[in-house]
Structure formats: structure tokens, C-alpha cells
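Enquirer: Given the structure of chain A, go ahead and fit chains B and C onto it with the hints provided.
The lines below spell out each chain.
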Amino acid sequence: MPLQFFTDPTYRENFFLYFPQVIPSLVIDFIALFVLIAIFFSGMIAPIAGLSVYIERRLSAKMQSRIGCNRLGPEGILQILADGIKLITKEDFMPKGADPFLFKIAPFFVMVGAFVSFAVIPFSSLFVLADLHVGVVFLLALSSVVVIGIMLAGWSSNNKWSILGSLRSAAQIVSYEIPLGLALLIPVLITGSMNLQEIGAFQKGGVNHWLIFFAGPFTIVAFFVYFISAIAEVNRTPFDLPEAESELVSGFHTEYSGIRWGLFFIGEYTNMFLISCIAVTIFLGGYHKSIANIPFVWITVYFSFFLLLHVLTFIPGMCKKMISGDSFLDVMMKNEPKALSRTSKMLCALISLFISVFLHRYHDESALIQTLVFISKSYFLVLIIMWLRWSLPRYRIDQLMDLCWKNLIPLSFLCVCGTMIWMVIT
Amino acid sequence: MTQDHVWNSILTTFEKTTLSFEQDMAVITIQPDTWLQVSRYLKENQAYQMDYLKYITAVDWRTEIELLVHLFSYRTGYECVVRMVLSHEKPEVMTCSSVWKAANWHEREMYDLFGISFVDHPNLTRLLLPQDWEGHPLRKDYQEATEVYGVSTTRNYLTKLPSIEN
Amino acid sequence: MYFETQYINDHQMELNMGPQHPSTHGVLRFIAITDGELIQRVTPDVGYLHRSIEKIGEKVTYHGFMPYTDRVDYVSAMTANHAYARAVEKLIQLEVPKRAHYLRMLADELCRMASHLIALGTYPMDVGAVTPFVHALREREKINDLLEELCGARLTYNYMRIGGVSFDIPAGFDQKVLKFLQEFDVFLQEFDALLSHNTIFVHRVANLCPISKEEAIDFGLVGPNLRASGFYYDIRKEKPYACYEELNFNVPIGRGFKGVIGDAYDRYEVRIQELKESASMVRQIMQAMPEGDCHGKAPKNIRPPKGFVYESVESSRGELGFFIASDGQPNAYRIKVRSGSFAAISMIEHIAKNIYLADLVALIASLDLVAPEIDR
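Residue numbers (this note's numbering), protein chains in the order written: chain A, 1 to 426; chain B, 1001 to 1166; chain C, 2001 to 2376.
Only chain A is shown next, with the shape it has when bound in the complex (with noise of 0.2 Å):
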């Protein structure tokens, strides 16, 4: 009814007249429609991207040998809540000479600018949030938006250092957008149409239909070209100058602290998740049926019993200390870990292999494994963004730009008119 209102011609014509009649059905929708966002944003984006977090201490300390976060909760899950209850409690304050109420929207921002994005990606046949005719376009003007948010960041912060990483960020940003935009240009004119649900819809029937398989080697160079442009659009390492932390003691959010700075946080873990989701809607088959699903779903099943098993066998000893009379904080926080035995292992990896198999059976039938399908394969993607991060040295500004100005856009626009000449061949 609502958006009938707004567009059926007789209604506009008479649009006092109608109005108020039609404004309690509008709030309601309206309403409706915000505790829908709240609850896929707060219940599925940012429990991922808080999970982003651990996952990416204890990926790094496993990659530099020793062991990351193990202590609060099992296995140190509860690390993220300790850190979310310690950045609301931390004491806000704000650089002498800063400017007031641009320091305090620009984290805002740069989260907008993440978390809206996520409306147009489909996580399943039924599940999107905003089925827009342009999707894609809508996906490139929401990454300028975190601009803003940067350079309002670096210049209300009163800091030479901060305006120095905004000026690099907010460069480095908008050039990298445009071999993105010439990435993402190639599924739209292969399947001639910006809707992130045909893109989808395209690739349907398995891993030679997928688009980065379709123009042979232009396409899959595009998605590398797209992967690559989308780190740098993110101030990923190895393209975190603005945020480096050895050169420019964290750049544009130096002078932020507590909630404001877990915010930039969060946001950038959520665009590292946003940037998997593109590259796997676009590319990599979205939430289709396909045989090359089954190690992602595999994997993502494994590690979930792992984890589950690894919590259950803390139990024991967490509920031996409750009866004991131990605080809360001490049964959370004292725990012994057990490791799980080989055969454990084992039988966990068979378990899910088998899961995920038959999850495959029936993968068309259900929006469940559709959903759980997407999110494994462009969660593997995140990890692989971490991998980088923590191997590769940072560029400097110039060969940053000297990347994406003489290698990246002529690689783009090459891929772009090979795919034409492919699609005209063929």
C-alpha cells in the first residue's frame, strides 16, 4: 500500500488528500521495515564482523607462531565482547581544536558507507534486502561515501598527521574506484543487466557457468583486478598507508578513541566482508548450486562443529568451578584448554563432509544453505584479504598510485574490450 502511494498517478495527483489517511499504514511499514534492517545488521553483518575480529587475532598469531587471544571465554571467543563493553566505557573526549560535530559524524560515515551496501547483495533467492534494477552502480557510489567520512575524519581531528592519512586515503580511494568500476563493468555487460540478483541468476548451473570462467582469461584477470582495487578500497594492508601504523601512528584515526574508533574498526571489517560478498556475487557463482561449493561449505561446517566441540568439552570444567563458588568472571575467564584428539578431528572432518554433501542434495530447495553457502565462500575470501595482510610489506603512496594509474586501469580496460571481442566471437 505505501508504495503504491508514493507512485500510482491517481494517488499523486491528489496527494493531500490522501495523505492522511495513509499515514499510520506508512508508519507501520516503516517501522517494520527498520526493525528489519536492525535485525539482519545487528543479527548477521556485524556478529560476522566482530567474528572478523577474532578470527583475524588468532589467524595472525597462528601465522607468526605464537597463539593469539585464548583466555577470555573458550578458546578466547568472548575477547570481542570484553573489547566492545571496553571501547562503550571508555572515556570520550576530543582533541583540543577539533572541530565538534564533524569529528563526531565522520565515523559514521564510513560505517554507513558499509553496512547500507549490504542492502542490494543477495544472500539468497529470498533474501535481499533491496532488489534495485542498479545494484551495481549502487555498490560504487556507497564506497564514495567513505570518503567523506575519511577526510572529514582526518581534518576535524587538528592533527598534521591525521590530514596527511585522510589526503592518502580519500586519493587512494577515489582512483582505485574507477578499475572497480571497469571490473564490475564486465558481469553488466555480459549478463546486461546492473541487478545483483540477474548477475546471480546468470551463473546458475554449476562452476562452468560461473562468470569469471566466461570470457577465458579476461574475466578471470577482471577478478583479480577487482579483488586487488577492492583491498585498496578498503585501506587493506598492502595498501594501509593511510592508516600505517609505523609511519603515521595510525593516520586519519589517531585522535580517535572508544566507541568512535571501534566504529572505523567495525566498518572496515564489514567492507572487507562487503568487498567478498561482490567478488562472490559477481564472479564466483553467488549462492547457486555447484559442485565447487561443497569444500567451502565443508570447511565452514567443519570449523563450526570444531568450535562447538571445543566449547562443549570447557564445559565440564566451567560448570565444576561454578559449583565450586567461583565468580562469573573466574569461570569465564580461568579455563584450561583441552585439545581435541586426532580421531576427534577426524571425525569431525567426515561429519561435515557428509553434511555438506547432502546439504547440496537439497541446496535449491532451501535459503538456508543458500545463505549458509554464500557466506562460506565469500568468508573464505576474507581470510584470504587477512593472509595478505599479515604478509605482505605496505606500498608507498606513489607506487600505490603508479598501480592503479599505468598497471591496473589499462589491465581493466584491456579485460574490459577483451570480454567484448569474446562475447562477439562466441
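Hint data in this document are derived by calculation from the structure and do not stem from the laboratory. Treat the hints with care, as some may be off.
The calculated SDA-like cross-link candidates involving lysine to any residue, where the alpha carbons are at most 25 Å apart (straight line), are [what the hints assert, rightly or not]:
1) LYS2179/C / MET63/A
2) LYS1101/B / LYS2353/C
3) LYS2239/C / ASP1004/B
4) LYS2353/C / GLN399/A
5) LYS1101/B / GLU2214/C
6) LYS160/A / TYR2048/C
7) LYS2276/C / SER65/A
Simulated restraints on C-beta separations [what the hints assert, rightly or not]:
8) ARG66/A / HIS2350/C: 36 to 42 Å
9) GLU2246/C / LYS1140/B: 42 to 48 Å
10) PRO2240/C / PHE306/A: 58 to 64 Å
11) SER1117/B / GLU2349/C: 19 to 25 Å
Glycine is no exception: its CB is placed at the ideal position from the N, C-alpha and C atoms.
Expert: Using the frame of chain A, we list chains B and C on its own:
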């Protein structure tokens, strides 16, 4: 090098220079006002080619300050210490930073810690101590300031602790 | 310019990489005049770590000054101990037994490895890769454990005494050293594979601020920095001390491995090769360790004759030398420390022209500056 003949050239070129040996290290004592010429001579003369200035240091014998410059040559292998005796009230000597660039910071350090001023030095400011420090610490007659920016430099212990009355 | 950054003009700004900064090695301060990214001039401001060690040397006895020498360069403290011990021994003409020489060499080489590990760990960290730092520190922990077995301390060893060393090798030390060296070879291969040919690292670091031989000698640069500029001079080979002439090792020099001779990549590669050489030297020392006393007879009250002496060793940062002037009293009359980082930091103003801010950080890391050596 304990051979005397190596240093004959410089002893004859500049007047009032003497040679002595400290445990097989040649020490050439020169007049301070000939220092610039001596340094150029030592660097450019084919016999010596002292291209490596190891350090410049000073020792404060209470009536005079003695400036020591340790030179080494990578090409000829000769090593010597050039010694100048400067007056205690107004120690001043020509800079040799035009000859060896290494001398720049060493001379700043000497100015900072001993008060030796080097004429024509490009940037004779304090190096190790803050810019507004008074005094030259490595002199033997250095007295510490009693207060720095309002904070006393001696420790004032309480002689009697405050009593606690319950 | 020294307490508040000032307005220069509309194109340039004065940026202060202050004493507290995640990347300055120790407490150093650099005042850079930039136009946003390119640095036109950078001035180092040192003195934040000045502890007047030289003045303290005039108050304590010769034996008592040994712990202070640790603090001159706490990253590779044994070399400073060694230099001071040699200076005093030369002053009082004391003979040191051969086993003590070998133990001193062992301590020196282990400390050289530890110091190069820190240099090679913080260098990629400043350029962006964080993982090699943790790996390098893991190896340094093993060296610290070995040295703790030897002398009881992990950072400020105070191991050497006038006339020898303080403790002999404990039982089982040989096997531990050999085991460490085996693991170290594996680590070095990993490190090389991770970083030395990494395109991003090479792009960042090659052709960065090349230092020519003549410049380096003129500024008094020593150690791996000088050798990376292509000039072959190592005190251990040219004026061997402490039985170095009995060891078989090469001295790596820079050859322009990935760029110009004397650039930052050469300084990195020279240190990696020095690590390999030090590892082989430690093996040779453990195999050839002679029997004997680890401590010579030094007088309890040292009253050296009047005069001065200068002795230096090849520390991980170059020539670390002690100048001691005595006037017959039990305390030294004047002690001066000559360190390699002092010359290196005095070069920065001269060579850092028209580089990026990120390059300045990489340059400081490639020169391997440690602030305590500069400020003493």
C-alpha cells in the same frame, strides 16, 4: 705507527708541532691556530690521506682544555691523534667540518659538553642537551643548576614523616 | 623550531616525528619540512636518551664502570663490554688468557646475531610487514636464553671483566648452541623466502638513498652501513683482536643486489649475510674452544699510568670504541664512547633529500640506528 720518519713531513711543514707516542699511537701536538691547515694537509697529502675522522674529544685538565682528534687512513693505514691545547677561559679553534663532514656533529657535541666554540661552524648549537641548558657538563668545574623549570634537582627527603592519629 | 612546530609558508609544513613514535628506533626526534609528502629537509634532534655515561665514568672505578657499558648499546651489549675491557687492558698492559678470548668472541658473535635480528625484524615492520618481526624476535629469545645460561642476564649482561670474562660455559651449553644453530638455519631460509625477493619490499627499499663510498667515509660511517656501500673494512679482519685471525669467515659487502650499490636493500642484504657468517663463526668457536682459565689476573685497584688509550671492536653497528684518559687515579679521568650510530644519524640530514615520508622511516630503519648509542 711507531716509525718516526712517517711523521717527518708534517713535523717539518708546520712549526711548533711535536710528536710523541702513547703506547704505539702517534700523538701530534699542534698549535690551535694552524688546525685548519694541518687538517687539510693530513687529508690531502699523498703520504697521509687521512680520510676517516674517528672522533673528536676533549679532556679538561683544570688549567687547560686539550682537544684530541683521532684520524685514520683507509688507504695508507696510518693512525694518529692530533692534539691541541686550548685555554680554559675561552677555548676556541677553527672548525674542520669543511675537511671532514663527520666533524660537524662531533664538534657540536664538544661545544655542548665542553663549551669549545668552533669558528665558522655551520650550525653550532647544542646536540645532546636541551637548547636552553646552561653550563657545560663535562668540565671539571661544572656546577649543576639547583632548579630546572621550577623543579629542584636535589632530593628533599622528609625528615619527619607525618604522624597518623587514629 | 625545537619546542613548537612553526608555520613556514603556504606550501610547506613542519612535521614532527616526535620522540614518541611507533617507528623511531629508540627515542629519536625528526623534524621534517615537507610539502605534504616529499621531504625537503629533515633534522634529527637527539639527546632524549642522554644519561651522561661519560660523566659517570669519571666517578666510578674502572671495574665498576663495566655495567654502564652495557647501557651504551643495550641491543648488543656484549660488544660494548668487550671494547671497554680491551681499552682498560691496553691501558694497564694486561694479558688475557686464550679461553677468555674465545669466550669473548662467542659472546660477541651471539650478540651480533641478536642485534641483527632486531634490525632485520624492525626493518620490515617499518616498511609494513609485521610477521617477520615476530619470527626474528622468536629467534632472539633463543639467543637470550643461551646468554642467560652463560651469564645470568638477558639484556644487560655485564659478562666481561677486566682481564677476561666472569663465568665459564656451563655443562650442556654446546648441545644447546648446536641445536639453536640448526633451528636458526631453518629460520633464515624462511626469512629469506618471505622477504628478500618480495616485490613490494624490493620496490619500497631498492634504490632508496644510496650512500656512495666517498660520502660514507667522509661522514665516518662504519660497520654494515659502510660495507653496504661497497667499501671493504672490518676491524675483525684488518686489525684482528681476540683471536679473530684463527676463525674462518667472509665479510659481506654490498654489490647492488637489487638496485644501486649502497642503497637500503644492500644494507638489508649485508646484515642477512652477516647473520649467516656469525652462525658459522659460532660453530667454529664452539668446536675450537681451548682449555684454560676464563679470567686473567687483574689488580683489584687499578691505577693505570698517566696517558690515554683508544680501543675499538667491530660491534653490530660498526666501530664501537672507548677512549680512556687517565691521570693515575683509580677513577678514569675521561671516558669517551665512539659509536657507529652517531655517524649514521649525522648523515640523515645530508642524504634524505626529496624522499617520501614513508621512505624516511625505511631509511632510519635501514641504517639501524639505536638511540642509546647516539646519546650515551
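Enquirer: With reference to the structure, classify each hint as holding or not holding.
Expert: Results of checking the hints against the structure:
| no. | hint | result |
| --- | --- | --- |
| 1 | LYS2179/C / MET63/A | holds (23 Å) |
| 2 | LYS1101/B / LYS2353/C | holds (17 Å) |
| 3 | LYS2239/C / ASP1004/B | holds (21 Å) |
| 4 | LYS2353/C / GLN399/A | holds (18 Å) |
| 5 | LYS1101/B / GLU2214/C | holds (11 Å) |
| 6 | LYS160/A / TYR2048/C | holds (23 Å) |
| 7 | LYS2276/C / SER65/A | holds (22 Å) |
| 8 | ARG66/A / HIS2350/C: 36 to 42 Å | holds (40 Å) |
| 9 | GLU2246/C / LYS1140/B: 42 to 48 Å | holds (44 Å) |
| 10 | PRO2240/C / PHE306/A: 58 to 64 Å | holds (59 Å) |
| 11 | SER1117/B / GLU2349/C: 19 to 25 Å | holds (21 Å) |
Consistency with the previously given hints is maintained throughout, with no hint failing.
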